[in-house]
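Using the sequences and the accompanying hints, generate a full structural model.
Chains as they are written, first to last, in my numbering: chain A, 1 to 110; chain B, 1 to 647; chain C, 1 to 360; chain D, 1 to 221.
These are computed hints drawn from the structure, not numbers from a lab.
Ideal Cβ placement from N, Cα and C applies to all residues, glycine included.
There's no promise every hint is true.
Claimed, not checked - Using 27 angstroms as the maximum straight-line C-alpha spacing, the simulated DSS-like pairs for lysine-lysine come out as follows:
{"#": "1", "chain 1": "D", "residue 1": "K152", "chain 2": "B", "residue 2": "K603"}
{"#": "2", "chain 1": "D", "residue 1": "K56", "chain 2": "A", "residue 2": "K43"}
{"#": "3", "chain 1": "D", "residue 1": "K103", "chain 2": "B", "residue 2": "K638"}
{"#": "4", "chain 1": "D", "residue 1": "K139", "chain 2": "B", "residue 2": "K603"}
{"#": "5", "chain 1": "C", "residue 1": "K188", "chain 2": "D", "residue 2": "K56"}
{"#": "6", "chain 1": "A", "residue 1": "K43", "chain 2": "D", "residue 2": "K101"}
{"#": "7", "chain 1": "D", "residue 1": "K71", "chain 2": "B", "residue 2": "K638"}
{"#": "8", "chain 1": "D", "residue 1": "K139", "chain 2": "C", "residue 2": "K188"}
{"#": "9", "chain 1": "D", "residue 1": "K152", "chain 2": "C", "residue 2": "K188"}
Stated by the list, open to error - Cβ-Cβ distance ranges computed for the label pairs, FRET-style:
{"#": "10", "chain 1": "B", "residue 1": "F135", "chain 2": "C", "residue 2": "G333", "range": "48 to 56 angstroms"}
{"#": "11", "chain 1": "B", "residue 1": "Q155", "chain 2": "C", "residue 2": "T145", "range": "26 to 34 angstroms"}
{"#": "12", "chain 1": "D", "residue 1": "K139", "chain 2": "B", "residue 2": "L619", "range": "43 to 51 angstroms"}
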Amino acid sequence: MAEHATHDQHAEAHEAHGTRFYWMVGAILAIITTIEVAIFLVKDTIGHELFLAILFILSIAKGAGVVMFFMHLRGDARIFQLVFIVPLTFAVTMCLGFLTIFSNYGGIAG
Amino acid sequence: MAIAEHKLTSVSPATASSGSFPWRTWLATVDHKKIGIIYIVSAFVFFMLGGIEAMLMRVQLGAPNNTFLSADVYNQLFTMHATTMIFLMVMPMNVGIGNYVVPLMIGARDMAFPRLNAMSIWLFLGGGLLLYMSFLTGGAPNGGWFAYAPLTQVQYSPTSGMDYWILGLGLTGIASIAGALNFIVTVLNMRAPGMSINRMPLFVWMNLVVSFIIIFAFPTFTVGSIELLFDRQFGGAFFNPAQGGDAMLWQHLFWFFGHPEVYILILPVMGMISEILPVFSRKPIFGYSFVAFSGVGIGFLGFIVWAHHMFGVGMGPMANAFFAAASMVIAIPTGVKIFNWIATMWAGDVRLTTAMLYAIGFISMFIIGGISGITLASPPIDLQQTDSYYVVAHLHYVLFGGSILGLFAGAYYWFPKMTGRMLNERIGKIQFWIMLISFNVTFFPMHIVGTEGMPRRIYTYEAGMGWDLWNFIETVGTFFLAFSILIFIYNVLSSLRNGEVASNDPWDAATLEWTMPSPPPSYNFLHIPIVNSRRPLWDAKYPHAAGDDHHGASSAPSQVRYEYTDEETAGAKDIHMPSLTFSPMILSGGLTIAALGFVYINKDILGLPTRVAALGFILIGIVMVAIAIRGWIVDSRKDSPYLGQHH
Amino acid sequence: MRKEARKSTVPLVVLLLSCAAMLSGCTNLPATTLFTYGDHATRILDLLMPVFWMAVGVFVVVQGALVYTVIRFRSKQANAPVPAQIHGNTNIEIMWTIAPAIILLVIAVMTFRTQAANSYQPPEAMKIRAIGHQWWFEFQYDDGTIVTANDLYIPVGQSVQIQLEAADVMHNFWIPKLAGKTYMIPGKTNYLAFKATEAGIFRGFCAEFCGESHGNMHFRVIALDAADFAKWKTNFATTPAAANGTAQVLGLTGDAARGAAIFADAKKQCSSCHIISGTVAKGKIGPNLTYFGNRRTIAAGMLPYSTDNMAKWLQDPTSIKPGNLMGRVIKKGTLKDQEIADLVAYLDGMKFAVNMPAEK
Amino acid sequence: MSATSHAHHDEAGQAPLVGSLGVDSRKLGLWAFIGSETLFFTALITTHLIFYARTKAELTASGMLAHLDPKHFLGINLTSVLAAILLASSLTMVLALAASKAKEWQKFRFWLLATIILGSSFVLGQAYEFSHLYAEGLKLAPQFVYEGETVKSLFGVTFFTMTGFHGLHVTLGVIWLIAVYFKVRKFPASPENPMDVELVGLYWHFVDLVWVGIFTLIYLI
Ligand code: HEA
Ligand code: HEA
Ligand code: CUA
Ligand SMILES: [Cu+2]
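This is the structure in structure tokens:
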């Protein structure tokens with residue numbers, strides 16, 4: 001754990017992103033959203049698996065973009081990454097765990 | 001409490017007052033120590049209530065076919081007993097002691113967010129009062145502490161009890177999350193210079209771990225109970241199979257929270273034990289980092305074992321095998337703790353004070369509870385033991401034999417610091433032995449009757465099953481248990497009045513809280529200490545013995561002081577502490593009133609008037625919250641170095 | 001010295017209690033899990049025993065180490081020198097991390113083997129549907145052509161597969177001497193397969209809290225030899241003969257034929273909740289009362305079967321079993337004593353001979 | 001919320017903004033809170049997915065899916081616009097933050113106002129969507145009506161609960177934005193301003209992030 005990491009370093013990390021950078025990120029995110037909607041509209045032609053795969057990759061990219069650049073998690077203090085990534089892992093565990101358990105409705109105690 | 005108050009006021013210029021009880025300085029306080037004491041006292045009151053409920057249950061079960069309680073009352077009692085003990089006793093007691101001790105241990109003047117801290121205590125009390133109001137309004141919750149669907153749906157549980165349960169626990173849940181956030185920030189960000197993460201006392205470590213568990217575990221419970229509220233009041237059907245819902249979903253949401261919850265109850269206590277054992281063995285803790293990281297490991301593993309409470313629901317052998325294996329793995333880090341505790345005492349100078357006896361009793365009883373947990377973690381065995389008194393035995397061995405005995409250890413250990421008076425050791429030891437023995441008399445036979453087929457949560461049983469004698473013994477044990485608690489109350493009250501006056505460091509301890517006067521002044525440290533090892537005070541007292549302390553210590557000695565000149569003490573008035581404020585209390589009150597409104601928002605009890613009144617409550621609540629937030633902002637500006645007036 | 005003697009009271013108490021536990025474990029109590037008569041429960045017991053002894057081993061070693069340490073290193077003098085400041089030892093740490101892991105691995109492997117055996121559903125098993133109600137059990141054989149309640153008849157030596165369902169809230173199906181628990185869950189179907197190895201009458205419970213009278217929700221399992229079971233089934237499948245006969249109860253003489261008429265009388269409402277095959281009674285809310293005279297108990301184990309107890313039940317079901325649905329309609333005084341006597345004569349007369357085994 | 005006493009409370013009485021970990025206390029608290037909220041929304045989304053999968057399986061089995069997919073309710077047009085609005089508000093938010101750090105208060109006010117307006121439009125859009133769905137037959141009830149046919153499904157319940165709680169968060173976020181707007185206007189010289197903006201920004205981006213998840217998992221899949 002980063003002990004006494006100096007504040008100025010983080011501050012610098014923020015300043016490194018000029019407004020132009022934010023506009024660029026914003027534009028990329030907008031494009032991703034457009035692509036998402038576009039493939040949604042044509043999903044019948046590309047097949048369900050491919051559609052899901054693209055969609056997941058795109059939205060993970062989008063979410064990562066928001067978290068890393070708008071929320072500045074990239075380059076910010078390690079502790080922030082920790083308190084966000086750990087619960088995110090638990091959340092994914094929970095979601096996948098629940099979906100697995102509920103998809104296979106065993107009916108046998110053992 | 002009178003003496004404690006007197007002591008506090010005598011040393012703290014901020015609260016100097018005389019005459020009658022200074023209500024204002026308590027109700028509007030933002031001092032972590034006062035808030036800690038309010039937590040501790042109210043949790044103890046709830047302990048009595050939960051204990052009285054348990055005694056009533058035990059009287060009913062003392063003989064077969066007993067008619068002392070009706071089935072309905074019995075069901076309310078065990079639901080409220082468990083809810084009280086878990087949410088209104090052990091959790092807030094942990095928070096209370098943590099609140100008092102953690103900032104002192106890390107060399108901070110207060111919690112990171114003192115006003116939020118005040119909000120937590122009042123919200124917790126609001127939630128507790130709301131829960132207990134249900135007794136007066138037509139029936140307490142009666143669905144068991146895990147409120148299995150669909151029994152808790154409105155058609156099977158038509159009284160408002162379950163609504164009180166949902167909203168009462170909702171309030172305490174918000175209080176817990178706010179409190180946990182406060183602990184996280186305090187521990188991570190308010191440490192004195194040199195108090196690095198790997199020098200923090202283990203009690204602080206465990207509070208940090210538990211705070212993370214709280215903020216990650218409570219949300220699923222919140223979602224589950226919101227969904228339950230929607231089912232009961234707003235036309236949902238999340239957990240109602242008759243309308244397409246799923247009863248299993250509730251169980252998963254609940255236990256995803258519920259299992260981590262049991263570690264929320266035990267880990268802070270394990271932290272206390274890890275402080276007390278070294279002090280009374282006059283040795284450092286054995287394997288500091290193993291003990292710390294096993295706590296972290298337990299915290300992580302606790303999130304992947306939830307379905308071991310559901311081996312019988314038919315998830316299939318694969319899922320059960322996974323959760324069984326994960327549950328068993330938890331024995332490893334727990335074992336590491338136990339062995340390290342024993343190793344800490346090994347070759348030490350073990351002084352059997354009351355606090356130490358309780359700490360040893362904790363280990364001893366927890367081993368039994370942990371091992372019975374391992375048998376439960378084996379699904380085939382669990383299928384015989386689940387929902388029987390065997391589980392009741394397990395949970396009391398870990399919760400009473402574990403948490404409660406450990407909390408008594410903490411109480412005897414820190415009481416001098418909190419009140420300035422020593423508890424009577426002789427009475428304490430008598431209390432310990434009565435409690436330990438009667439605890440076993442009460443709960444050990446439950447293993448046996450469970451194995452002999454006695455299901456749990458039955459309000460009565462027929463004669464001739466072989467359960468009668470054991471149940472009678474358990475009931476007798478309960479009365480001795482209650483007696484031992486009365487002894488404790490006597491000890492506290494008489495010691496407050498004429499107990500031996502406590503010095504700064506009555507136990508020859510090692511951590512920072514013992515450098516301060518007992519009780520500490522409102523600003524805690526006159527000069528923030530500079531820490532250079534895991535045992536700053538010990539090293540200051542025993543420089544020669546500190547020599548081999550190369551674990552986590554730098555060569556320079558810690559700078560801790562506990563004697564100040566009058567001149568220096570006079571300088572304390574320049575230390576700025578946040579001012580008294582009622583806003584947190586008003587905010588909590590508003591939320592409580594709004595919650596009361598939500599209990600009745602869709603009830604047909606008196607037709608339209610009820611709903612109008614309920615809506616009125618909600619509106620009043622919202623207005624109070626709004627007013628409080630405004631006041632809060634204004635108050636915090638007063639303390640801001642940039643926006644406030646100068647002091 | 002005296003203090004040391006006191007210290008040893010803890011293990012002493014524990015020891016005494018565990019001795020007592022062993023002794024009581026050696027008695028064949030009505031619902032104990034330690035004397036088994038079914039393959040499912042026996043396999044669990046066979047797993048429990050080694051796990052139990054391992055647990056005792058761990059307990060003795062760890063508890064022993066604790067007590068020994070405390071006694072050995074107790075402070076002997078007030079101003080003892082500061083002991084050596086030992087901070088840890090990585091090798092020892094690793095050792096006591098691995099040692100429990102090995103024990104747990106053994107437990108886990110044994111667990112998985114038992115799990116596999118106990119979750120196996122033999123395809124040739126006889127299928128019985130069990131439905132949990134607040135607060136009684138319904139049992140259906142042969143796709144619902146035979147329906148009974150609270151007494152589960154099974155053949156000895158043949159696997160049965162219970163299909164578990166619930167009509168209202170969750171219940172938990174438990175026959176300690178035959179098989180571990182499996183939940184009965186509304187909206188979900190569970191399966192439990194087991195085989196009784198000896199004829200006998202066994203206790204069954206609802207183990208999951210299911211509301212006010214959860215504590216009053218029991219059943220009996222009657223395991224009959226294959227021939228007796230076949231006979232029971234054939235008999236049960238035949239429609240009860242026309243009611244006749246009398247019974248002495250409440251100091252009155254009840255008449256079965258009159259009782260049948262009362263039962264069928266729509267105004268008395270029995271028939272709107274209960275089924276008796278071959279009559280107009282077609283209600284599905286309460287237990288099926290066909291051949292009620294063969295029951296071992298009344299109202300899911302509340303009262304032992306007897307004509308007197310039956311009368312008690314009909315006089316005021318609520319006072320016998322709080323919260324039960326029948327009590328909302330049949331209250332104290334709803335039925336006159338003579339009507340009760342007639343009903344008892346009718347219900348008690350509806351029976352056939354079964355070669356009853358002993359309570360086990 | 002405000003941290004008033006810090007470990008490094010130096011003698012000058014000037015509370016530094018950073019503590020022993022080298023970070024701002026409020027920011028740390030907010031990140032931890034966001035971590036907690038992640039699990040909150042995941043639990044809601046998971047509930048929805050479990051029941052949605054079930055409805056879909058049942059409708060497919062009964063051959064009704066072709067014209068009765070619950071998805072037909074959710075107009076992709078409106079939602080895409082809403083997603084775009086929220087995304088744009090994230091951009092304006094981060095621009096406001098950059099402006100506040102550069103002490104360009106004119107710009108800051110512009111971008112913060114833009115964020116407030118975009119956020120409010122999202123709330124209004126969602127209110128419109130809810131009333132529209134309600135009129136079409138999707139209610140907070142365990143069945144819905146689609147073109148005259150009643151389908152037993154929890155789709156409405158889980159959908160309204162989940163998006164409703166998201167909407168509530170957006171609403172609270174707008175209120176917080178407004179509060180920060182006025183605070184900065186009243187105390188333009190306070191050195192705490194950039195941090196105040198950063199905090200509300202973090203919360204705002206998180207709410208956007210949740211919508212990224214909901215949009216994909218609920219509206220698109
Ligand atoms: C403080 C609370 C607490 C703690 C710490 C624990 C600890 C554990 N619990 Fe317990 N549990 C409860 C509180 C707690 N539990 C409660 C309240 C319930 C009931 C809820 C309800 O239904 O109302 C419950 C129920 C419960 C069940 C469900 C039973 C059922 O309803 O069917 C299970 C099943 O796996 C279980 C397992 C465990 C395990 C494996 C541990 C482990 O963490 C224990 C690990 C510790 C040890 C093993 C001892 C020390 C280790 C050694 C000395 C090393 C050597 C040991 C070995 C090699 C074995 N618990
Ligand atoms: C921390 C948790 C905790 C604690 C401390 C206790 C403490 C006790 N519990 Fe608790 N219990 C639970 C948690 C706890 N329990 C839980 C989670 C359940 C499961 C509930 C469920 O199934 O939903 C349970 C269930 C449970 C049952 C099973 C109910 C059932 O299944 O039907 C029983 C039965 O004997 C019982 C008994 C007791 C007793 C006798 C005590 C005693 O140790 C209490 C001792 C304390 C006192 C006696 C208080 C002192 C009071 C006085 C001194 C009175 C005098 C004072 C005045 C008059 C002012 N408990
Ligand atoms: Cu049915 Cu308990
Ligand atoms: Cu658990």
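For each hint, the structure was consulted:
1. D:K152 with B:K603: holds (25 angstroms)
2. D:K56 with A:K43: Distance ~17 angstroms between K56 (chain D) and K43 (chain A) Cα, so the pair holds.
3. D:K103 with B:K638: Holds, at roughly 24 angstroms.
4. D:K139 with B:K603: OK: K139 (chain D) and K603 (chain B) at ~20 angstroms, within 27 angstroms.
5. C:K188 with D:K56: At roughly 18 angstroms apart (the allowed maximum being 27 angstroms), K56 (chain D) and K188 (chain C) satisfy the hint.
6. A:K43 with D:K101: violated (44 angstroms)
7. D:K71 with B:K638: violated (53 angstroms)
8. D:K139 with C:K188: holds (26 angstroms)
9. D:K152 with C:K188: holds (17 angstroms)
10. B:F135 with C:G333: 48 to 56 angstroms: violated (32 angstroms)
11. B:Q155 with C:T145: 26 to 34 angstroms: holds (31 angstroms)
12. D:K139 with B:L619: 43 to 51 angstroms: violated (25 angstroms)
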